[in-house]
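Using the hints provided, position chain F with the ligand relative to the given structure of chain S.
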Amino acid sequence: MKFSFKFLEEFLNLKGITPRQLAEKLTLAGLEVSQIERKEGDFIFEVEVTSNRYDLLSIVGIAYEVSALFKKKIKLPKINLRTRPLLNLPLKIEDEGDCPLYTARLIKGVRVGPSPDWLKYRLTNLGINSVNNVVDITNYCMLKWGEPLHAFDFDKIGNIISVRRARKGERLLCIDNKERELRPEVLVIADENKPLALAGVIGGQDSEVSLTTKNILIEAAIFSPLTIRRGRRSLGIESESSYRFERGVNPLNLEKASASACELILKLAGGEFSGYKRAGKKPSAKSFWIKFDIQRLNNFLGTSIKEKQALQILKRLNFNLKEKPPIILVKPPSYRQDIKFFEDLAEEVARIWGYQNIKEALPPIKRSLKEEASFYKFKEKIKDKLVSLGFSEAITFSIISEKENISSYKPLFLENPLRKEENILRPEIFPGLLKVFQYNVYRKERELEFFEIAESFFKIEPGFKEKTKLVIGRHTQNMDNFYYFKAKLEVFLADCGIKEFSLKESSLPAFSNYALIEDWGWVGVLNKEVSRRLDLENVFIAEFDLEELYQKRKQPYFEEIVRFPWVERDISLAKRKELSFREIEDIIKTQAGKFLKEFRVVDIYKGEKIPSGFTGFTLRIFYQHKQRTLSSEEVDKIHFQLREALAQKEGLILR
Amino acid sequence: MQEELQKLKQTAEIDFRKAQTLEELEALKVKFLGRNSFLAQFSKKIPSLEPSLRPQAGRLLNEAKSFITALWQERKEELSLQQNKIDLTFPSYSLRKAKLNPLTLVIREICSIFERIGFEIQEGREIEDEWHNFTALNIPLEHPSRDAFDTFYLKIPSKKYKYLLRSHTSPSQIRLMKKRKPPLAFVVPGRVYRPDNMDASHSFMFHQIEGFAVDKDINFSHLKGALVYFAQNLFSSEVKLRFRPHFFPFTEPSAEVDISCFICKGKGCSVCKKSGWLEILGCGMIHPRVLSSCGISPKRYQGFAFGMGVERIAMLKYRINDIRLFFENDLRFLGQFYEV
Ligand SMILES: [Zn+2]
Chain S
1 MKFSFKFLEE FLNLKGITPR QLAEKLTLAG LEVSQIERKE GDFIFEVEVT
51 SNRYDLLSIV GIAYEVSALF KKKIKLPKIN LRTRPLLNLP LKIEDEGDCP
101 LYTARLIKGV RVGPSPDWLK YRLTNLGINS VNNVVDITNY CMLKWGEPLH
151 AFDFDKIGNI ISVRRARKGE RLLCIDNKER ELRPEVLVIA DENKPLALAG
201 VIGGQDSEVS LTTKNILIEA AIFSPLTIRR GRRSLGIESE SSYRFERGVN
251 PLNLEKASAS ACELILKLAG GEFSGYKRAG KKPSAKSFWI KFDIQRLNNF
301 LGTSIKEKQA LQILKRLNFN LKEKPPIILV KPPSYRQDIK FFEDLAEEVA
351 RIWGYQNIKE ALPPIKRSLK EEASFYKFKE KIKDKLVSLG FSEAITFSII
401 SEKENISSYK PLFLENPLRK EENILRPEIF PGLLKVFQYN VYRKERELEF
451 FEIAESFFKI EPGFKEKTKL VIGRHTQNMD NFYYFKAKLE VFLADCGIKE
501 FSLKESSLPA FSNYALIEDW GWVGVLNKEV SRRLDLENVF IAEFDLEELY
551 QKRKQPYFEE IVRFPWVERD ISLAKRKELS FREIEDIIKT QAGKFLKEFR
601 VVDIYKGEKI PSGFTGFTLR IFYQHKQRTL SSEEVDKIHF QLREALAQKE
651 GLILR
Chain F
1 MQEELQKLKQ TAEIDFRKAQ TLEELEALKV KFLGRNSFLA QFSKKIPSLE
51 PSLRPQAGRL LNEAKSFITA LWQERKEELS LQQNKIDLTF PSYSLRKAKL
101 NPLTLVIREI CSIFERIGFE IQEGREIEDE WHNFTALNIP LEHPSRDAFD
151 TFYLKIPSKK YKYLLRSHTS PSQIRLMKKR KPPLAFVVPG RVYRPDNMDA
201 SHSFMFHQIE GFAVDKDINF SHLKGALVYF AQNLFSSEVK LRFRPHFFPF
251 TEPSAEVDIS CFICKGKGCS VCKKSGWLEI LGCGMIHPRV LSSCGISPKR
301 YQGFAFGMGV ERIAMLKYRI NDIRLFFEND LRFLGQFYEV
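Just so you know, the protein sequences line up as chains S and F, in that order.
The first sequence begins at 1 in our numbering and counts up by one.
The second sequence begins at 1 in our numbering and counts up by one.
Just chain F, same shape as in the assembly:
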């Protein structure tokens, strides 16, 4: 009898394990613990046993019963856990996150880098007059940038200066210098316009960031420092800068700034046209005539200014090969960018 019960326990264990659904398990429960089960039959037999054997038989029966019940309970928990499980590898619903235009991302990043070293962010207007866009910036009347080939003029009657769409963000420098007194330190992002035909690297509307600082002791080494800080924070701390003497009417001395090509690490590639350098911006010490035209004495104050094309920088940073992508607003394009 003891052996029989032992065998029963083993069979129950094997059978419960075989059960794959709760329904199968329920059927087995009936088989092993139900009214017609071996155990039920067995318990009916007990009264017919010799009195001396009865307690022993009863004990064995109860033990087998609770053992099998426990097995059933365990398997039931296992199976119900299994049945509530889902396939985590099943494909998700497609969801699209709304995105900022990458130009906004780059403008934000650049402005916040300069903000960390003390610059304030301000903006200007897009319709400007010749005085603010050219004259105050020491750009002579015969300068080619004043031609209708290079600047959009507007049909707005005016007595003094012709109105135009600003061809750079520099007029904002003039307005801020006129409005506020030194010490000054601003970055000014915004849209600018030039009548260039659209192609992979030209657009008649694009973005610039102008920056400038004026005080009694702001010098060329500070210009270099600010721009190195900017480039290393925007691109990578590995990036090297090269300042090449250049010419702009509104700065003196002037420089063009190249960064070491981070694609080929200076070895030369198609992006840097095998030179190892990528031009990113123009800068210099503000020309004394520009300070004077804003009512700031060049004898007492000096300062630097820089200007950069946002699209160019965004194209380098994200390795975008066509400027037109910024203005098409294709979801497949916008979807690729995010703040790091």
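With the rest of the complex left out, here is chain S:
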């Protein structure tokens, strides 16, 4: 909102106060001045009015604030609140929830013309165009009192005024020269036939005050902030008027604004006051007596303000005081409807006293003896483990397109997506990594390793589930890097205390290989076709239920290091592609039993000597006994039995 130094001077003597000083003090008292601009010999202040202080959406309101801050007397004009004679015009309010109060004043025989210069500057300095004397006066009074007014050409409206919701199909040509199609969420001022104005937002062109207008009707009303906001948002417009109605107007200023506008019109445009009418509730302002307690205040703020000082501040803010020692009661002025609790009083005292004058101290925090385990800390450790393995951390959006969802889970839909195509919460988080791969591949980076920890969301019957998941992914030009990726997964899981886990082949659309890791994860290779469509090459993904890994966490215990030497023996094999290595592993484990330390693939080859459909490789078996040194005869015997067993396996050739 804007106000100007000169406008303020209509109510206060600001001698000796510079615009900078004024801005500084207002800012530190809660009315943030974001800009000061020099214009036509005046200073224009741009301020951010907080939503609780609609009293500051008027020059009078700001004047009250300045008077409290600078200890200056405020002088308000005397207004003749004329309500006679009674205007003979039916006023109908369809729903007092939308419009609790509506008033109209009629002036006959005005001469519409240009405004005097002082009035023009008041408006143009604050960014409002000058139209004609009558319209300018309504705007001037709005700026002054915070109550938006509207003037109708009385001869252009029918026999009644009604405040109602727009009907389907109704249209209105507004004064900004745009015709709008109205919807039922829009509140209108109408006569018996048609809408005349969008209530509290903008007037209609047909009934606007023009140079030929003779008789005018001044509207002053209270509209529901919510109704105004929903209505104008649905039409995508905003005005000085709607800005104030949305935040609230002080009902006590309504009559002042309307009557003072009439007085000024009579003065500047002539005419004769010809009637007043009101519909709806009489304005009332509830104010409460609140118990004031200086000790409680100081304990709350951490200050040592004296009672006298605090009460003086409240007096300057126009609070009423009732002192019945030891009890002190205070009541806020009627324009401060935001003050209801003791804590509100504390804020008033604190902000005028100055937040900058409250000393800083570290909080005396008592931590409880029993602390909950922290999932946050666990996640941070997981991140460090993965970074040390070469994976960078991605952060991607949890809202994705339904089309991107490759998952067996049912997703949750947004009711109001920002863009139509981004309409679900992702049930699995890996689609985010695919985008990260794509983004970097387009920038000529092809060897990529990333992870992300994020929430996943999916439907269950009934309701929904939110789960923290971890996705680890690799993009590479070389398919063989899968085993390198797998090795990192194994190292990572071992580092989380999971040394053994089983892979169970399964399937998922978009993956050429897909296997479940126990019941808390999966690993897969993205289908070539899907990869190509995304301009990607080989993509390996593993996703884990991080909450399960958290449950499985355990501290390591020392295991005795076997001091006896081990013996290595190699076997060269070729396996049919369809034969799962798992079956070879089973044979090794059964045959070698307690003598097995470990085994490794030391070589893979695809030479001419390998029959087609087979993969050749060399296995190195490490034999070791925990309590003694093995003799070579012993090892030879076990190894021979193992070879025999492998030779009998269907789909396996010993070379």
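Since the hints were derived computationally from the structure, they do not count as laboratory data.
Just to be clear, a hint being listed does not mean it is correct.
[To be verified] Short derived list, chain S residues pointing at chain F, Cβ under 7 Å: (1) Glu40; (2) Gly248; (3) Phe341; (4) Trp353; (5) Gly354; (6) Lys359; (7) Ala361; (8) Ile365.
[Said to hold, decoys possible] Simulated coverage check for chain S against chain F, where a stretch passes if three residues somewhere in it have a Cβ under 8 Å from a Cβ of chain F: (9) 291-304; (10) 450-458.
[Stated by the list, open to error] Simulated DEER-style distance windows between Cβ atoms: (11) Lys359(S) <-> Ser270(F): 32 to 42 Å; (12) Ala487(S) <-> Ser292(F): 55 to 65 Å; (13) Ala148(F) <-> Lys589(S): 55 to 65 Å.
Where a beta carbon is used, it is the ideal one built from N, C-alpha and C, also for glycine.
Just chain F with the ligand now, with coordinates in the frame of chain S:
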């Protein structure tokens, strides 16, 4: 003869020095110490000398021999050392370190600062209901933040409260206050969502850190102290804080906090829009209605709360000019950050 040997020693010294490779040196060794060398010739001549001169000649010969051998040895060591040397200025192999997202770095740093003064770190869920996200926080039904323009609602059937994506981390404050009894002191980091169109300073998903403390004697001066400690540890000990009275439905009194612009040192620049101040967070004393709705008596307990946008702070700290960079995960972006 003595002169001849003296000359030989000098020649050998000069020649050895000239040798640049071990091969050259080996050839010189043959020349000076080999079978056809001057020394070998000389030693053959000794028996033909007068007997009285022989011992003297033998001594001279041995001395020259060991002198030249020592020279050769020395040069050989020098050359082999030289040949094993590598060029340390030669370009390295390119290697890329895996990185954490800078948002993680900033969240960690902020949380650990608060942890040092007694706060505990906990997290909440991202799907919330209207009660926890608004009602319990004293946000009235007609408040604009409840509009579909400002909050993502979810299509989840429910009897009581509508489900939504939390629009701030404050519902976690409600959940922790309901679950645990005072004294309480927590910081809660996490993702939040608001339907804002993406541009350089807006994102529909971003991160916040909520913090709060509740006890019998936690007051506004403690709020100030905690935040000064935080800002000076995160930015620099030079940084000054400005508390401006503000309004939030869930705190009273409320404040917005600015830090003195560390880029222009308060003189005014484009980052601080010439004001010398940078807004970093909102805070206040927890509203009595919020305490009551969590079953904490506002007559016995009081406390403060604050909330900050992580992206904004990370952008200020690292001088990043576009919020979208955090979510693009460009390696050239991620590669720039590290823990100090
Ligand atoms: Zn600056």
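Going down the list of hints, with the structure as the test:
Among the interface hints, the one on Glu40(S) is violated; its C-beta lies about 23 Å from the nearest C-beta in chain F, farther than the 7 Å criterion. Look at Gly248(S): its Cβ only gets to about 10 Å from chain F, farther than 7 Å, so that hint breaks. With a cut of 7 Å, the hint placing Phe341(S) at the interface with chain F holds, because the nearest CB-to-CB distance is about 6 Å. Hint status for Trp353(S) relative to chain F: violated, with the closest Cβ pair at about 11 Å, above 7 Å.
The restraint placing Gly354(S) at the interface with chain F is violated, with a minimum CB-CB distance near 9 Å, outside the 7 Å limit. Because the beta carbon of Lys359(S) sits about 5 Å from the nearest beta carbon in chain F, less than 7 Å, this interface hint is met. Using the Cβ-Cβ criterion of 7 Å, the hint placing Ala361(S) at the interface with chain F is satisfied: the shortest such distance is roughly 4 Å. Of the supplied interface hints, the one on Ile365(S) holds, with its beta-carbon coming within about 3 Å of a beta-carbon of chain F, less than 7 Å.
Counting residues of the segment 291-304 of chain S whose CB falls under 8 Å from any CB of chain F gives 5; the rule of at least 3 is met. Only when three residues or more bring their CB closer than 8 Å to a CB of chain F does the claim for the segment 450-458 of chain S stand; here the count is 4, and the claim holds. A hinted range of 32 to 42 Å for the beta carbons of Lys359(S) and Ser270(F) is consistent with their spacing of about 34 Å. At about 56 Å, the beta-carbon gap between Ala487(S) and Ser292(F) stays in the expected band of 55 to 65 Å.
Between Ala148(F) and Lys589(S) the beta carbon distance is about 60 Å. The supplied range of 55 to 65 Å therefore holds.
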